[in-house]
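Residue numbers (this note's numbering), protein chains in the order written: chain A, 1 to 167; chain B, 1 to 789.
Since the hints were derived computationally from the structure, they do not count as laboratory data.
Selected chain A positions facing chain B (in silico; Cβ < 8 Å):
1) 42
2) 44
3) 47
4) 96
5) 100
6) 128
7) 129
8) 137
Listed next, the in silico DSBU-like pairs over lysine-lysine satisfying Cα-Cα at most 30 Å (straight line):
9) 610/B <-> 146/A
10) 620/B <-> 465/B
11) 661/B <-> 146/A
12) 777/B <-> 704/B
13) 620/B <-> 610/B
14) 777/B <-> 465/B
Cβ coordinates follow ideal geometry from the N, Cα and C atoms, glycine included.
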Amino acid sequence: MAVVSLRVNGATHEVDVDPSTPLLYVLRNDLGLRGPRFGCGLAQCGACTVIVDGVATRSCIMPTSAVTGAITTLEGLARDGTLHPLQQAWIDEQVPQCGYCQNGQIMTAKALLDRNPNPTDAEIREGMEGALCRCMTYYRIQAAIKRVVRGAAAAAGAGNRAEEVAG
Amino acid sequence: MSTSLQLPRAVEDALRAVNPSLSRRSFLRSSGALVLSVSFGAAPGGRALAQAVQAGPYPDPDFLQLDTWIVIHPDNTATFFVGKTDGGQGTGTAFRQMMCDELDIAYEKTSLVMGSTDVTPDQGGSGGSDAIERDGWPMRRVAAEARRVLLELASERLGASVAGLAVRDGTIGIVADPSKSVTYAELVGGKRFDVTLTGRNVDATTGEAAVKPVQDLRIVGQSVPRYDIPAKVDGSLTWAVDMKVPGMLHARNVRPPVAGATLRSVDESSVASLPGFVRVVRSGNYLAVVCEREEQAIAAARQLKAEWTPPAEAPFPPSTELFDYIRRAVPTSSGEPRVTGDTQAALAAAARVVEAEYEVPFQGHTAIGPAHALADPSDGQMTIYSNDMKSYGLRNGVARFLGMPRDRVRVVYMDGPQVYGRTAADDVGFEAAFLANELERPVRVQWMRNEETAWDTKGPPYVFKLRGGLDAEGNLTALEYDARAVDFNHLGYNEPDTVLIAQLMGRRRERPAAGSAATPSIKYGIPNQRLTGHVVALPLVWETPLRTGNLRDPNGPQVTFAFEGFIDELAAAARKDPAQFRLGLIEASAEDDVFRKARSRSVVRAALDKYGWDERPSPKPRSAATIATGRGIAYTYRSNTVVAVIAEVEVNRETGGVWVKRFVCAHDCGLAINPTGLSHTVECGMLHGLSRALWEEVQFDAEKVTSVDWASHPSLRHSDTPETIDVVLVNGDPNPDRPDLPHYGAGETSHKPVIAAVANAVYDATGVRLRRAPFRKERVLAALRAAQS
Numbered sequence: 001m002a003v004v005s006l007r008v009n010g011a012t013h014e015v016d017v018d019p020s021t022p023l024l025y026v027l028r029n030d031l032g033l034r035g036p037r038f039g040c041g042l043a044q045c046g047a048c049t050v051i052v053d054g055v056a057t058r059s060c061i062m063p064t065s066a067v068t069g070a071i072t073t074l075e076g077l078a079r080d081g082t083l084h085p086l087q088q089a090w091i092d093e094q095v096p097q098c099g100y101c102q103n104g105q106i107m108t109a110k111a112l113l114d115r116n117p118n119p120t121d122a123e124i125r126e127g128m129e130g131a132l133c134r135c136m137t138y139y140r141i142q143a144a145i146k147r148v149v150r151g152a153a154a155a156a157g158a159g160n161r162a163e164e165v166a167g
Numbered sequence: 001m002s003t004s005l006q007l008p009r010a011v012e013d014a015l016r017a018v019n020p021s022l023s024r025r026s027f028l029r030s031s032g033a034l035v036l037s038v039s040f041g042a043a044p045g046g047r048a049l050a051q052a053v054q055a056g057p058y059p060d061p062d063f064l065q066l067d068t069w070i071v072i073h074p075d076n077t078a079t080f081f082v083g084k085t086d087g088g089q090g091t092g093t094a095f096r097q098m099m100c101d102e103l104d105i106a107y108e109k110t111s112l113v114m115g116s117t118d119v120t121p122d123q124g125g126s127g128g129s130d131a132i133e134r135d136g137w138p139m140r141r142v143a144a145e146a147r148r149v150l151l152e153l154a155s156e157r158l159g160a161s162v163a164g165l166a167v168r169d170g171t172i173g174i175v176a177d178p179s180k181s182v183t184y185a186e187l188v189g190g191k192r193f194d195v196t197l198t199g200r201n202v203d204a205t206t207g208e209a210a211v212k213p214v215q216d217l218r219i220v221g222q223s224v225p226r227y228d229i230p231a232k233v234d235g236s237l238t239w240a241v242d243m244k245v246p247g248m249l250h251a252r253n254v255r256p257p258v259a260g261a262t263l264r265s266v267d268e269s270s271v272a273s274l275p276g277f278v279r280v281v282r283s284g285n286y287l288a289v290v291c292e293r294e295e296q297a298i299a300a301a302r303q304l305k306a307e308w309t310p311p312a313e314a315p316f317p318p319s320t321e322l323f324d325y326i327r328r329a330v331p332t333s334s335g336e337p338r339v340t341g342d343t344q345a346a347l348a349a350a351a352r353v354v355e356a357e358y359e360v361p362f363q364g365h366t367a368i369g370p371a372h373a374l375a376d377p378s379d380g381q382m383t384i385y386s387n388d389m390k391s392y393g394l395r396n397g398v399a400r401f402l403g404m405p406r407d408r409v410r411v412v413y414m415d416g417p418q419v420y421g422r423t424a425a426d427d428v429g430f431e432a433a434f435l436a437n438e439l440e441r442p443v444r445v446q447w448m449r450n451e452e453t454a455w456d457t458k459g460p461p462y463v464f465k466l467r468g469g470l471d472a473e474g475n476l477t478a479l480e481y482d483a484r485a486v487d488f489n490h491l492g493y494n495e496p497d498t499v500l501i502a503q504l505m506g507r508r509r510e511r512p513a514a515g516s517a518a519t520p521s522i523k524y525g526i527p528n529q530r531l532t533g534h535v536v537a538l539p540l541v542w543e544t545p546l547r548t549g550n551l552r553d554p555n556g557p558q559v560t561f562a563f564e565g566f567i568d569e570l571a572a573a574a575r576k577d578p579a580q581f582r583l584g585l586i587e588a589s590a591e592d593d594v595f596r597k598a599r600s601r602s603v604v605r606a607a608l609d610k611y612g613w614d615e616r617p618s619p620k621p622r623s624a625a626t627i628a629t630g631r632g633i634a635y636t637y638r639s640n641t642v643v644a645v646i647a648e649v650e651v652n653r654e655t656g657g658v659w660v661k662r663f664v665c666a667h668d669c670g671l672a673i674n675p676t677g678l679s680h681t682v683e684c685g686m687l688h689g690l691s692r693a694l695w696e697e698v699q700f701d702a703e704k705v706t707s708v709d710w711a712s713h714p715s716l717r718h719s720d721t722p723e724t725i726d727v728v729l730v731n732g733d734p735n736p737d738r739p740d741l742p743h744y745g746a747g748e749t750s751h752k753p754v755i756a757a758v759a760n761a762v763y764d765a766t767g768v769r770l771r772r773a774p775f776r777k778e779r780v781l782a783a784l785r786a787a788q789s
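Construct the complete structure from the given sequences, taking the supplied hints into account.
Below, the structure is given as structure tokens:
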């Protein structure tokens, strides 16, 4: 066992664990987080996804000691009590069936849009390919991502127009 | 003090997890002699009461007491208690809508508690897509009864006749004098109704009140957003997988490396020095390791040295030889043939006879989250936190398994990964309870991915032989259907002598369940039919990873693939448009010339209209393009729900890849409680069917399952998703004005015809008939090449 320092959702935590422990178990069992979940332990399904320094990371195989960056989990997406646009889109599109995989879907989509705010349909499929859903909500997930992309484009368009008027 | 508070808090957390909208405000538990509050902080004495609730015993909530179902709170809100579970299809929201409508209270002012054995009446949990169709009725009736009782109380309070009263959102007023009114809370808030209901069983539960006519329902029919979704996307929900109690341990199972192996010895010293090690538990061939921390249990289970003796005889043939095995096997049982007319004579007289064989392999549940449960043996009780869809059955089964009185065991139902029949036999709930009992401490168990994919329950594989006769005009005159399914020892629901741990411990029932090989419930007019089903067994019957159980519409996708695929072959042989061929068979049906026929006709036509179907026989004229396109239709009933699915496919002739570009589904399940929720369930049911059509197959060698993770057992992915999915809710009825338009089930119907629709579309595109699921690209490519040579 060793004391490991983790920065999660803006707060620093020190946990006394075997440093090889996959990050997932520390997040869930030591820090009490409920977003990332065990799906395969093989980095194949995405249910455990967290974002480390902007990169969607499979926490089920990531040794805790190997994580040096800032970790964001599903719980850390909301800002000042306002849901992240992806979370809101997930509600607006009524995406989940059981919902068990949706942590991975949302976190993967977050990393995708942070990388590429205006993906094509093909880029959405490709970017989301590794996130599995066994209730098969894929069509709804893709609709929710497109909703966020459209919303961001509309907001940007409105902003541009406002600037033009101001100019 | 803090310890004594932990467990009640956990109970409350669990209940809030079941329903995020349930706040910490006091809510009333209605099954005891007194109104008890588990919100221990709110009221004096609440803490003691909470402990009393926790400590048990846990008698069954009496379904004949109105207070069991509905509690009106002092703030004029209500909580409903129902004995159902929601696997993610939004049934909880639908139940609330139905009960709100009958009670006349705003949806936002209510909450719902589901499926926890000590606080909700036993409605059996979920299964068979009967939540809305069957269990919704007692909910509606008890809510209507509560409204009736409240009107009577208001009549007394306001000094006006019931006929002169009107209810609006939990407030009853005098129609002639709107200044006089009384709220539900003022009448019974925080108190009991003390009204006894009648009914032979929970399904028949009723009061004196009649339910509202359909035309008066206001909340039913609205697409109310699902209440459980926000907490599922912001990470705040406590799922069964998250449940923790003080002092809990973590366990992992160690499965036999070879099916049917006998555990000869266990070397505990191989793990005893590992950090956090607590104990190895062994009983017969059941083996588990228990540790303080989860990752420790995982490591220890991997490291534990055990010696197993393989069985003398191979447990099963390899999956590559499964269908040959099924064809050769002597059936363990054969159903009585369902016979209409004289099929032999009709086939002999036919102008054309078509024959075909279809094959479907074992397909698994392979839930995204492996099985898990937490069992807490505190206070001489056994509490299991579980996502078991049939939580009452788990309670009963565990009580028998452990030899505990039933009222000392309870199951707190919480959200979990998809169920579709998997948790109807909740192996892990029994394992957690067994280990907690052994260790006298709370134990949480979760299966690993390879364990789940290899050892979960599976849908039975089938071989079908079909013959059909057409007359000179291309009319179907005879159909012979012969099915063989590997389904001997089909797993029951939470039985203490069939769940996996019981099998491994040698606690088995004497006579395995016979199983079944289903025949199609044909709604077509076919004058001569002979339908037969045979069950066959694999050599290893017990302790096998190839256990059949109920997988979403347990036999429907297999049977419908064969039957609706073969109907398509007959249409093609008759050079008729496959949809018109089906409509002709529907019109020819003598079974029911009004209700079923009218609904079938409407659904098929609605699908054709939405798709923009052009009438022509399949296949399409051959083109030289690499990407061949085509469309296929399949139609079926499940229980009282009727569905038609059209798939439009692109087939890559060079790779064999099949992509369903578009799905259209026309669906009639009677009254739609929540159209958006229904539509999404229908959509996801189709895509689950598509996953089974394109990808899913359990593979095994002669001693173990070899498809054990998402690489070796592929599932549908984002890239397989259709570009367009259209769901048309027909929800028709020959008489739309009837006041009792029933609500039928929708959890499985759209799943059922998808394999057939895809195969029929591939035939339309390429002229190649796929008769062996799934349609992985190497198999499709081989079929395309075979057709060319």
